[in-house]
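Participant: Each chain is listed here by its residues.
There are 2 protein chains.
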Amino acid sequence: MIRVALDAMGADGGSEPLVEGAAQISLEDTPLQVVLVGDKDALTTLLKRHRHDSTRIEFVHAPHHVRMADKPAVTLDRLPDCSILRAAELVAAGGADVLVSAGNTGAVIHAGARSFARLDGVRRVALCAVHPTIEPHGPRGDPFGLMLDVGATLECSAEELAAFARMGSCYSRLVSHIDAPRVALLSNGREATKGTESVVGAHDLLRAKGDLNFTGNIEGLDVPLGTADVVVCEGFIGNIVLKMLEGVADAALALARHAHAQKLRYRLGLALLSGGLRRVRELTDWKQYGGAPILGFDYPVIKAHGRSNARAIRNALRLATKTVQHKLVDELKKTLAP
Amino acid sequence: MIRVALDAMGADGGSEPLVEGAAQISLEDTPLQVVLVGDKDALTTLLKRHRHDSTRIEFVHAPHHVRMADKPAVTLDRLPDCSILRAAELVAAGGADVLVSAGNTGAVIHAGARSFARLDGVRRVALCAVHPTIEPHGPRGDPFGLMLDVGATLECSAEELAAFARMGSCYSRLVSHIDAPRVALLSNGREATKGTESVVGAHDLLRAKGDLNFTGNIEGLDVPLGTADVVVCEGFIGNIVLKMLEGVADAALALARHAHAQKLRYRLGLALLSGGLRRVRELTDWKQYGGAPILGFDYPVIKAHGRSNARAIRNALRLATKTVQHKLVDELKKTLAP
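Residue numbers (numbering that gives the first Met the number 0), protein chains in the order written: chain A, 0 to 337; chain B, 0 to 337.
Honestly, the hints are just simulated from the structure, not real lab data.
Idealized CB from N, CA, C, for every residue including glycine.
Don't take each hint at face value.
Claimed, not checked - Label-pair ranges, simulated between beta-carbon atoms:
#1 Val73(A) <-> Glu196(B): 13 to 23 angstroms
#2 Gly12(A) <-> Glu196(B): 31 to 41 angstroms
#3 Thr192(B) <-> Gly200(A): 27 to 37 angstroms
#4 Ala336(A) <-> Asp210(B): 52 to 62 angstroms
#5 Lys208(A) <-> Asp80(B): 42 to 52 angstroms
#6 Gly200(B) <-> Arg306(A): 25 to 35 angstroms
#7 Ala68(A) <-> Val73(B): 46 to 56 angstroms
#8 Glu196(A) <-> Ala179(B): 34 to 44 angstroms
As the list claims (entries may be wrong) - The calculated DSS-like cross-link candidates involving lysine-lysine, where the alpha carbons are at most 25 angstroms apart (straight line), are:
#9 Lys242(A) <-> Lys193(B)
#10 Lys193(B) <-> Lys70(A)
#11 Lys193(A) <-> Lys70(B)
Turn these sequences into a full structure, and let the hints guide you.
Facilitator: Dropping the structure here:
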């Protein structure tokens with residue numbers, strides 16, 4: 000049985016979608032035990048509202064939690080018994096195999112840093128995200144690419160970017176079942192000499208070692224295309240790019256509407272298309288995907304979107320199970336070995 | 000009469016669109032004299048194909064030119080009589096008031112650096128670009144926002160970003176006729192403390208001086224929305240963001256097509272919409288806009304897109320005329336005064 004510590008507090012929609020997701024998955028035929036970490040009374044009350052298998056859900060009480068607007072480091076200092084710290088400590092103590100949270104991202108990273116060690120060769124951890132692409136990825140035609148870092152480490156050295164490339168490749172191979180994921184550095188041009196000092200340095204390091212399917216630099220245009228399976232960049236850039244992608248499908252749509260609201264045939268076209276556009280929005284909706292890992296700790300951590308619904312939480316719990324089944328951390332250690 | 004030095008060589012489509020654009024504008028009622036700089040025989044032959052006013056077009060011969068794939072610095076060393084250097088030298092010597100090129104961007108920046116001085120308070124120049132936004136800008140409802148830097152200076156200090164903010168605001172005020180352009184720093188969060196060291200430092204500098212309509216930090220989402228009139232960032236990020244925007248409208252469209260190619264009503268919807276989508280593509284098509292300035296030299300420089308057609312060149316020449324009429328360089332000096 001795989002034990003998942005689920006930080007059940009502090010998501011945008013409160014604890015309801017988290018508890019509902021846990022309840023749903025407890026009825027599925029998966030080798031999964033969920034430990035709900037948070038206000039035990041409140042969580043128990045919520046759980047009663049949903050059909051579930053009570054033998055597969057446990058509780059660990061944590062009286063406090065970090066809110067989305069809280070400053071992570073100071074809040075963790077102030078609330079040592081908050082749900083995310085308790086959940087991370089549970090994993091570190093062997094009481095669970097993997098940590099899942101839909102709460103304050105900074106708090107998840109800080110709680111990991113306080114409770115876990117970093118893997119050898121990892122100086123900074125990376126927050127991953129998935130983004131929709133035109134080209135499918137891997138044998139299952141996954142419509143998402145992986146990007147890292149998207150905000151854990153704003154500025155990176157060449158060595159740090161190279162470690163991100165290795166970890167992203169390993170995760171993509173295990174979880175997306177891509178044999179040799181195409182790994183690329185996001186830069187301002189395809190040539191090896193293009194980019195900031197750290198990007199040029201990382202390019203040289205990855206070329207020299209030659210252990211990955213490193214396809215070189217890609218440009219901004221390639222991100223929505225999906226030319227690479229794993230896009231590597233500094234957290235500052237990844238964060239900006241990811242948030243732009245979140246908004247840009249709506250932007251294109253609004254532009255089309257604005258330009259042609261007056262013409263009947265365009266209005267008609269938009270009406271007929273609305274189902275298709277909803278599907279585009281679904282594809283660009285992170286809630287559907289469930290989550291993405293924080294890579295670099297000696298325990299697996301899945302960060303679900305703060306706005307996750309029950310279905311997204313269920314997907315995040317499945318993803319967490321996979322990271323344990325596929326021995327993600329052991330594989331990361333092998334990948335990072337000098 | 001305003002004299003524009005037009006580097007008439009080295010664009011993606013050769014000299015034809017450049018000469019045609021110059022021919023067209025020579026017939027317009029604008030106070031403009033175009034100096035075509037390049038292979039005089041070839042340009043003369045091309046010009047004969049288009050109706051023009053020969054009293055308003057002159058030639059300065061330059062036997063060589065920089066190609067798109069050439070390394071800028073070494074090629075300028077090797078070809079001191081290339082068209083972009085000759086054109087910049089013509090401006091520096093007083094033979095023309097403003098420089099326009101649709102050639103190799105790096106070569107234009109290097110030629111400027113060799114021929115012009117930088118304005119006081121400017122350590123690095125900025126390449127601007129316009130990008131389509133949902134919200135219109137200024138009194139004329141311009142559907143484009145201004146972004147700088149997009150590739151001239153990959154990494155910037157806080158002082159350099161602050162200087163870019165001042166110059167971008169000044170340009171937007173003069174050319175887009177926006178009284179107090181909303182200037183923002185692109186970052187990973189809205190709070191003043193979010194961002195890399197240089198972004199946080201620039202935020203403090205701009206807040207402290209208080210001379211601009213500085214609206215603080217914006218996030219990736221705000222770029223397609225158009226929340227700011229002037230978006231300020233390091234060149235590495237600006238380049239990635241801009242290229243992503245170029246590709247992303249097509250990406251959304253392909254995604255919609257892919258998901259629903261099988262359904263008749265979606266196919267029909269797309270067919271009806273195709274005019275509207277063409278209009279979106281027009282809006283995201285830089286060729287329509289003409290060009291954007293390189294700011295920081297003591298002479299005005301307009302960089303037109305390499306794929307400019309005759310209409311785009313005509314627009315770039317009009318834009319160049321405006322920078323002289325509105326005394327852009329004098330205004331930049333005032334804006335940059337300590």
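Participant: Quickly compare the C-alpha distance for Lys193(A) and Lys70(B) to 25 angstroms and report which way the hint goes.
Facilitator: Judged against 25 angstroms, a Cα distance of about 12 angstroms means the pair holds.
Participant: Using the Cβ atoms, figure out if Val73(A) sits within 13 to 23 angstroms of Glu196(B).
Facilitator: 21 angstroms, holds
Participant: Lying within 52 to 62 angstroms: is that true of the beta-carbon distance Ala336(A) to Asp210(B)?
Facilitator: 54 angstroms, holds
Participant: Would the hint linking Lys242(A) and Lys193(B) be met if the CA-CA limit is 25 angstroms?
Facilitator: 15 angstroms, holds
Participant: Decide if the proposed pair is consistent with the structure: Lys193(B) and Lys70(A), CA atoms, cutoff 25 angstroms inclusive.
Facilitator: With Cα atoms ~12 angstroms apart, Lys193(B) and Lys70(A) stay inside 25 angstroms; holds.
Participant: Quick check on a hinted range of 46 to 56 angstroms for Ala68(A) and Val73(B), using CB atoms only.
Facilitator: Cβ of Ala68(A) to Cβ of Val73(B): about 52 angstroms, so the range 46 to 56 angstroms holds.
Participant: Given a hinted range of 31 to 41 angstroms, is it respected by the beta-carbon distance of Gly12(A) and Glu196(B)?
Facilitator: 35 angstroms Cβ-Cβ, so the 31 to 41 angstroms window holds.
Participant: Range hint 42 to 52 angstroms: satisfied by the CB atoms of Lys208(A) and Asp80(B)?
Facilitator: 45 angstroms, holds
Participant: Take the C-beta atom of Thr192(B) and the C-beta atom of Gly200(A), compute their distance, and say whether it sits inside 27 to 37 angstroms.
Facilitator: 28 angstroms Cβ-Cβ, so the 27 to 37 angstroms window holds.
Participant: Taking the Cβ atom of Glu196(A) and the Cβ atom of Ala179(B), is their distance within the range 34 to 44 angstroms?
Facilitator: 37 angstroms, holds
Participant: Between Gly200(B) and Arg306(A), does the C-beta distance stay in 25 to 35 angstroms?
Facilitator: 32 angstroms Cβ-Cβ, so the 25 to 35 angstroms window holds.
Figure legend: structure checked against the earlier numbered hints; every hint is met.
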